[in-house]
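S.K.: Each residue of the sequence shown is one higher than the one before, starting from 19 at the first, in the numbering used here.
Don't take every hint at face value.
[To be verified] DSSO-like mimics (lysine-lysine), calculated; alpha carbons at most 30 Å apart, straight line:
| no. | residue 1 | residue 2 |
| --- | --- | --- |
| 1 | Lys29 | Lys85 |
| 2 | Lys76 | Lys34 |
| 3 | Lys29 | Lys76 |
| 4 | Lys24 | Lys76 |
| 5 | Lys85 | Lys47 |
| 6 | Lys37 | Lys47 |
| 7 | Lys53 | Lys37 |
| 8 | Lys53 | Lys24 |
| 9 | Lys47 | Lys34 |
| 10 | Lys29 | Lys53 |
| 11 | Lys53 | Lys85 |
| 12 | Lys57 | Lys47 |
| 13 | Lys34 | Lys57 |
For the record, the hints were derived by calculation from the structure and aren't laboratory data.
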Amino acid sequence: MYCCSKRFVTKPLYLKHIKSHGRSALEQKHCLECKCSFKDESGLARHMIIFHTPEEEKQFKCDRCEKAFPEEDLLKSHISWHDEVEQLNHHCAICNRYFTGAGLLRTHNEN
Numbered sequence: 019m020y021c022c023s024k025r026f027v028t029k030p031l032y033l034k035h036i037k038s039h040g041r042s043a044l045e046q047k048h049c050l051e052c053k054c055s056f057k058d059e060s061g062l063a064r065h066m067i068i069f070h071t072p073e074e075e076k077q078f079k080c081d082r083c084e085k086a087f088p089e090e091d092l093l094k095s096h097i098s099w100h101d102e103v104e105q106l107n108h109h110c111a112i113c114n115r116y117f118t119g120a121g122l123l124r125t126h127n128e129n
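Let the sequences and hints guide you as you build the complete structure.
M.R.: Dropping the structure here:
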């Protein structure tokens, strides 16, 4: 079950999330392509732009990977993600997590 671009593995968790919207599931707007649900039309419209724009209409291309986006702001957000990932250069060999600094890794290892 999906809602708000999240996957819920059990029905109770899904229903708990639905209740957090403050509206019944019947009042929500549903994406016909992936079954995500939204509290209003604007949320659904935004979702459609972000996740269901045809590839040929995505004119903003990332120069670091193969992804393309329908809006420049989405590309900028994606590039920020690349920048953050590049800063994660301290690796914990035990849990396979990455950290931005040696101090954070040291604190992690102490816990």
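S.K.: Which numbered hints are broken by the structure, listed smallest first?
M.R.: 1, 2, 3
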